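Engineer: As a plain string of letters, each chain reads:
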Amino acid sequence: MEEKIGFYLNGKKTEILTDPSQTLLSVLRNQLGLTGTKFGCGTGFCGACTVLIDNEPVRSCTVPVSDASGKRVITIEGLSKNGKLHPLQQAFVDHDAFQCGYCTPGMIMTALGLLLKNPSPTREQIIEGLDENLCRCGAHVRIIDAVLEAGTKMRGGK
Amino acid sequence: MKNTNIDNSKNTGSAGIKRRSFVKLFGGGILFIFNPFAGLDLFSSPAEQGRTLTKDYNAFLRIASDGTVTCYTGKIEMGQGIITSLPQMMADELDVPLNKIKMVMGDTDLCPYDAGTWGSLSTQVFGPAMRAAAAEAKAVLTEMASTRLKVPADRLQVKDGVVSDIKNPSVRVSYGQLAQGRKLEKYLDVKPQVEDYTKFVYTTKPLKRHDAVEKVTGKAKYAGDLRLPGMVFARILRPPSHGAKLESVDVSGAEQVKGTQVVRDGDFIAVLNENQERASEAIVKIKAEYSFNELKVNDKTLFDRMVGADSRSSVVRTSGDLEAGFRESDRIFESEFRDPYVAHAPIETHTALASYDGDKVTVWAATQTPFGLQDGIVRELGLPLEKVRVITPYVGGGFGGKNAFQQGIEAAKLAILSRKPVMVVWTREEEFFYDNFHPAGVIRVRSGIDKNGLIKLWDYNIYYSGTRGSETIYDVPHVRATSYSQNMNAVQIHPFSTGPWRAPNNNTNTFARESQIDIMASAAGIDPLEFRLRNLKDEKMIECLKAVADKFGYTPSKTPGGRGIGIACGHDANTWVAAIAEVRVDKSTGRVQVLRVACSQDMGLCVNPQGALLQMEGCITMGLGYALTEEIQFEGGVIKNKNFDTYEIPRFSWVPKIECVILDRKDKPPTGGGEPAIILIGALLANAIHDATGARMYQMPFTRKRVLEALKKV
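Protein sequences, first through last, are from chains R and F.
Numbered by the working numbering, the letters in the first sequence go through residues 1176 to 1333 in order.
Numbered by the working numbering, the letters in the second sequence go through residues 16 to 729 in order.
Hints in this document: simulated from the structure, not taken from any laboratory.
In this text the structure is predicted, and so the values were computed from the model without any measurement.
You may find that some hints are simply not true.
As the list claims (entries may be wrong) - For each label pair, taking beta carbons as the anchor points, the in silico distance ranges come out as:
#1 R:Lys1188 - F:Lys117: 53 to 63 Å
#2 R:Tyr1183 - F:Pro255: 55 to 65 Å
#3 F:Leu551 - R:Arg1330: 25 to 35 Å
#4 F:Asp660 - R:Lys1246: 24 to 34 Å
#5 F:Ile557 - R:Asp1229: 56 to 66 Å
#6 F:Gly577 - R:Asp1269: 34 to 44 Å
#7 R:Lys1256 - F:Val186: 24 to 34 Å
#8 F:Glu401 - R:Glu1299: 52 to 62 Å
#9 F:Asp175 - R:Asp1269: 20 to 30 Å
#10 F:Lys681 - R:Lys1246: 50 to 60 Å
#11 F:Lys234 - R:Lys1188: 22 to 32 Å
#12 F:Thr661 - R:Lys1292: 25 to 35 Å
#13 R:Asp1229 - F:Lys234: 18 to 28 Å
All residues carry an ideal CB built from backbone N, CA and C; glycine is no exception.
Here chain F stands alone, though its shape is the one from the complex (with noise of 0.2 Å):
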């Protein structure tokens, strides 16, 4: 995966404050500061992701005189629910009333160093962490009180961030008290440890969102709502195409507008305006003349382009011996799947807010990646770090593309280069234009069963996609996986920055695997799920399926058998999931719709069932888009799509009914729940289309002439 705005190798700087004073940060009480990735090896390590995570203490908890716990961390809220769920964990631990706790979030001068809020990694990985530390805390704070009270710390009891005296409880000290008058550092060491989740009062409860209130009212601000005195919002020139040269330009229409600014720096032109609508008035009145130097290349030519492609292979695993697999089966299936650029799409654009005081700049940015903008301010506009500080105000969806931060860049060298505090609201064409797309790539598959529907072979092949999501999963004794990259002296595959896009390349190698599973179960004239069944070991994925199964109401059959059924099933985040669904496919139009999806969930302890139940549905909802409509066309660097018309999100017409279990797994330790739901969505409707009609679907979307095309094949 090329991945052009985040490189965490140089993300050093920021984590390395280490242990400055925090205490004068922070003013007075308790401060509690640890490490939440020390425990990281008792989860899957996201370094195999290439993401490198701080090794300092660097997360803090703090309490003040009046009893308030603030959890100062560098993740972000962008409609996952965190800002809910981590407080819930914390108050738990903390035995304090869930009121008293408050979240700061993605302030680089006030929160500890984060990579990023990405991966469904929030809960799985800092939560634990963050519930050990507050554990420890309460330790801390009943030794304190054990001092105050001169009672042993064993005969004290907390309730409600009260300590007191369990033989008599009018001898008692609060947490508030104890950190009055306080200036306190305490380091813990955590170890992040699996416990008995029965006992707590908030996790596994489902509780509604913090957020809630401010967002029905429009109170809750955006990066875009913010005004400073004297702000100034600016458009920035654009290319036509990824790849275009500025070669001449006369910005001398645009300096008619009325109050316009002309800023330039190099090939950087923007111009400013009080007011917005005239500062997108003068942009379109600057004349440019550009060189182009496109790769020949557009949506159609790209998959052959990429499997005939001088690549980098590398074997990703590989087990048995292919040979033997190809002489046990009975018989053999090849297929290809392809999978296009699809866009991030959230409704908010790429939106920052820049204000540059002579000294430092301050960004208010729509980011998932507080630190990494801070880091990439520091290398492109040469500040030092501790000159810029960004904030991270809510966000209006993220999904991956807020990672890139190409937006926070250009509102601080504009808020530097006029001296006013700068507005960069992206249009939603830039937003197109500009997204680090989800990677397009061709998966093809070998695959082969014996005479007892048992599969012996899967050569399993990534050309330009990326590997997350390409385990087999399958009990399958010969298997090997080769992932095809750009190899650096060849001409460059992807004509545009791509990046990570919820559940990254996981959508596109289990529509690949689940769809041909299905061809093969179809094949041998075996119901689906029976041969699913038949062929795992894995205990989880076993679960769910009979899960899934219970839920919808599921009864055996061959497929094709008319009924327009379809299942999937896969793991992402350490998380297992499956679904089925029900569609129903107009012949005559192509349009798919579909009417059930029933899915299950294994994601170990479930921290707030609500919360986690949300980021099902709209996994499965969103998924819906990528399965059906999305996809980005292009012809070289042009970027056809440039609005909604043209690149179709899923609407409320779309919408199944949706039904959730999410498996009782209190003793486990919680997983990623942003992402797994929606890996399933490409192979479980490609599956149910298949049921409904015969027609097997190999490229995502499933856009209605595909469907059409698909049919007469049939």
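With the rest of the complex left out, here is chain R (with noise of 0.2 Å):
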């Protein structure tokens, strides 16, 4: 049966028609026309799909677009602002931090998700956060400086 299912979608109000028990990843992908957002491995283990919801990183794949109801929902494809790269894009390009880019997208959420929370985390716990996310064309110490580098300037440093 469809619903009508509200949430906020990169900051914008959006108001859709869909059976709640979709996931959220098709949601996105196949009704809103978001497909930054990846399928990897339809179980939550890769983190391909990863947005946030409320500030907090989901595994989109295994989520029901109905809990996203009234909440913010934010995806890859809401960080840059006006043409201009978050700071966690732009380290992720000067740091050469993927390489065929297919995780890129879900990397880049989970670790403004860890940034959200934890400003200043340290290597080890960057490593902590982002070792459920899988990458297979090996960029990981890459992605890792550039999650640090990104920290910094978050926090106003240079």
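Since each chain comes alone in its own frame, lean on the hints to assemble the complex.
Structural biologist: Shown next as structure tokens:
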């Protein structure tokens, strides 16, 4: 049965008619046209589908869209403002923190969730925070460096 | 190596387009057409790996009237970075700004035939040819400018795409102006040459990726991100095991799921639905019964079965006399090394979108072989070649796994049957089930050393895993390498399809060779670096080892010395590579933590040092997986690994400190960079584990359980 579900998507009030048991991933990609969030495993193991709900990283492939009802959803498309990259995005570019780029949106969203909770994480805390996100190309060391740098920038450091 | 999906002997179709008028396809401008493989004799031939390359003019550079230079290549971008390194080379040779160069990749209608993106060939073979063509194109353009400006060519200079008179720079014409109003085809005969690279502006400079902004903003389009009006999602009925045969099927349950269309062609049954999740809901409602005729083998019995099989044997290389080697040896060592099936497991599963207009089918696919897929569709669906177009968007990782293109054929077939645009996205379970795994294998080595620690005997036997990387590399007088492979009349050994996996076979062979070297060094009481240097004559290998020892700050020691330090070296894709690692082994749990890896590489001219570093780091990180955890578990035709919980790939917490050195070899042609470093990781960690604990690992991966078992034998 379809229902009306409303949430704030990347800061914009959004209302859709959808089957509430559908996954948030499916709704984002297929109904709302936001394909930056990726499908990787369908069971929450890889993290390619990570988005923020009320600043909390969630695996959108396992979450029914009804869980987002009334909440603030942020996807990779919502990070850059007026063509300016978010400090995390810029740091990923500057550090070449990816190869094929497929896991990148999920990495960035997980890292953002981490930095929102803990603005000055140590290297070990970043490793722990990202450990459930998989990257097959092996860009890990660069991703860690990028998140460290983005954290510094977001705190207003140089 | 059995390779069910690639048969290049039949791949003449697309290559046969020959000298049609290319300008018609591309509109105006100047089109330079050349054969990138004409100078192949400069390099090792990919043909020895069973790959054929087309012999005709087939690569294009186009200069448009706005000065844009477009390179059309059948190669694809899957993270390896050629979208950046190829334009680098071209910008230098043509003397145009880098931002004027556009790449069109992997589109079978627009791009020249290419057998596939694999084997670390893009930069080492395609690159130099493209560079040579660009240099010739520059000469042609200068000639044209000379006529136009009425200035002798030798008085002209080129800078940033503008040709001008050295004596009077205001007399000038740009490439774009030369192309204006023209429709010109120029055929170039190129022979790549080794040149002085120091004059280049872009080549050898570390450059950031061109695809970066798209990839960090979610704008980069992968096959699964494309949408067409009226598009439906497909799920396909899959057998529970390889070798199972469909006996009966009832699709009525699926048909009751709202909006579902069931499509059937023999045993090929799929459900289509505009809603992706309803398609998934419908597919599980199909009731199917199967009969089973599986091989009675599993991941544990496989290895004995390989060694005991009635195999076809062939001597890969031989020198000296094994009997003499035996006599000259003071000590003989016999070992058996085992390597299981390993999955490619890219995070993007096999995905394709197909659209059929009643005449021509277009497929957007995650593939390393757009032309292979085109030929596959021609072969399987009976369409004429010109009625099949394959377009390759960004590919979310390949590693050899996306040389296989079954999903593209499935999408095309369903689009034709349903007359709707069809999206096929394999689930993770399908990805594991249909992967063309890295082949499992057994290596048996019998080797001997004399009293001085010199290797005198090397009797090397490969069972079912392939020969790439099986060179002895050490200076041994008496050598024989024998490969045992499938005997046509005997029972099938590999229960499912296998194929190239990043540095095919070399991971297995380097694991065996470098472990055996360490076993001998340890028994002789000689430091493993010293033992290698004593037995090497290969200057490149020696220099790589010295460079990495320097980087690591290596100090000699007999092993096991309790330090947890291991060494390995080898070569792949014409690149020489050596590494030293430090590990910590938890003797109570068997857990291996890699602390540091230093790695050195001689890859000839390094076109993009930044990109090459990324590839080295990627190889080292990805290699941790096959060395420590990755292993396909199976029972007959049933693949037990269905997702990342039972098939563990490297995580952040595993990653060591990585330090890389790329040797300065600007005077040598560039060689492969996408694969070499990964070959070392198995032996590197096995040798480090041995140094730490005295336990010798003979079977990959070195799971906690296997490490604990090996510790019991110390």
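Engineer: Which numbered hints are broken by the structure, listed smallest first?
Structural biologist: Hints 1, 2, 3, 7 not satisfied by this model.
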